[in-house]
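Asker: Spelled out from the first residue to the last, the chains are:
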Amino acid sequence: DAMVIQNPRYQVTQFGKPVTLSCSQTLNHNVMYWYQQKSSQAPKLLFHYYDKDFNNEADTPDNFQSRRPNTSFCFLDIRSPGLGDAAMYLCATSRDRRPEGEQYFGPGTRLTVT
Amino acid sequence: AQSVTQPDIHITVSEGASLELRCNYSYGATPYLFWYVQSPGQGLQLLLKYFSGDTLVQGIKGFEAEFKRSQSSFNLRKPSVHWSDAAEYFCAVGANTNAGKSTFGDGTTLTVKP
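If you read the protein sequences in the order shown, they are chains A and B. Position one of the first sequence corresponds to residue 807 (the working numbering), numbered consecutively onward. Position one of the second sequence corresponds to residue 7 (the working numbering), numbered consecutively onward.
Honestly, I wouldn't trust all of these hints.
[What the hints assert, rightly or not] Simulated restraints on C-beta separations:
1. Ser846(A) <-> Lys67(B): 17 to 27 Å
2. Asp857(A) <-> Gln51(B): 20 to 30 Å
3. Pro46(B) <-> Thr832(A): 18 to 28 Å
[As the list claims (entries may be wrong)] With a straight-line Cα cutoff of 30 Å, these simulated DSS-like cross-link-like pairs (lysine-lysine) come out:
4. Lys55(B) <-> Lys850(A)
5. Lys844(A) <-> Lys67(B)
6. Lys107(B) <-> Lys844(A)
7. Lys850(A) <-> Lys67(B)
8. Lys119(B) <-> Lys844(A)
9. Lys823(A) <-> Lys844(A)
10. Lys858(A) <-> Lys55(B)
11. Lys55(B) <-> Lys844(A)
12. Lys850(A) <-> Lys107(B)
13. Lys858(A) <-> Lys107(B)
14. Lys850(A) <-> Lys74(B)
[To be verified] Per the computed footprint, the stretches of chain A lying under chain B, defined by three or more beta-carbons under 8 Å from a beta-carbon of chain B, are:
15. 842-853
16. 898-909
17. 912-918
Keep in mind the hints are simulated off the structure, nothing from the lab. C-beta atoms are modelled at their ideal positions from N, C-alpha and C, and glycine is treated no differently.
Same shape as in the complex, but just chain A (with noise of 0.2 Å):
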């Protein structure tokens, strides 16, 4: 089946540790998206890749940062997690940028910082 895979599912890092997290999709779409989602909170898109071109969104602290090395992957690091980045981070595809397209989800990674 196609999906999008997202891995570790929980992840456990140190306060100022970098952490890297992964997404991958099988469905050969063009865009990817990072969203960040805390408890009982609405997902907070921090930012989308269309193809090769990355769009940051402008509240997106700089800590985080994200690569798409091809089209099945994407890669969101954190380059020094507080400990208000906790969260659940979802990765999400869609075959392109029109309105009416709907988004699948991954799982998500739950990150926990200590």
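Position chain B against the provided structure of chain A, taking the given hints into account.
Answerer: Leaving out everything else, chain B in the frame of chain A:
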């Protein structure tokens, strides 16, 4: 810019009872509207979407939603709730002017009583 309001943070219904989850949006033109469901510890899954045509749309798992332009609403309904429907439900709106990005509401948590 578009926005979404889900007035009910938490709803509890008995198994077998009917369900209606409210969603109000703000957008100047015809919106692109979505309902997603998120089970605990999982990513979001699309239930249904509306962008044109019949204002009553059918989705997966027996859900339906009705677009009412006069009320700026897109409420989700199900005639008979099952215990497995317990989850968090997000309404989202997409717009032509936002590079296809969706804006999510804060979600409604559904609890199902036996």
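Asker: Now look at each hint and say whether the structure bears it out.
Answerer: Hint check:
no., hint, result
1, Ser846(A) <-> Lys67(B): 17 to 27 Å, "holds, 22 Å"
2, Asp857(A) <-> Gln51(B): 20 to 30 Å, "holds, 25 Å"
3, Pro46(B) <-> Thr832(A): 18 to 28 Å, "holds, 25 Å"
4, Lys55(B) <-> Lys850(A), "holds, 20 Å"
5, Lys844(A) <-> Lys67(B), "holds, 26 Å"
6, Lys107(B) <-> Lys844(A), "holds, 19 Å"
7, Lys850(A) <-> Lys67(B), "holds, 26 Å"
8, Lys119(B) <-> Lys844(A), "holds, 26 Å"
9, Lys823(A) <-> Lys844(A), "holds, 20 Å"
10, Lys858(A) <-> Lys55(B), "holds, 28 Å"
11, Lys55(B) <-> Lys844(A), "holds, 25 Å"
12, Lys850(A) <-> Lys107(B), "holds, 11 Å"
13, Lys858(A) <-> Lys107(B), "holds, 17 Å"
14, Lys850(A) <-> Lys74(B), "holds, 27 Å"
15, 842-853, "holds (count 5)"
16, 898-909, "holds (count 10)"
17, 912-918, "holds (count 4)"
Hint compliance for this structure: no hint is broken.
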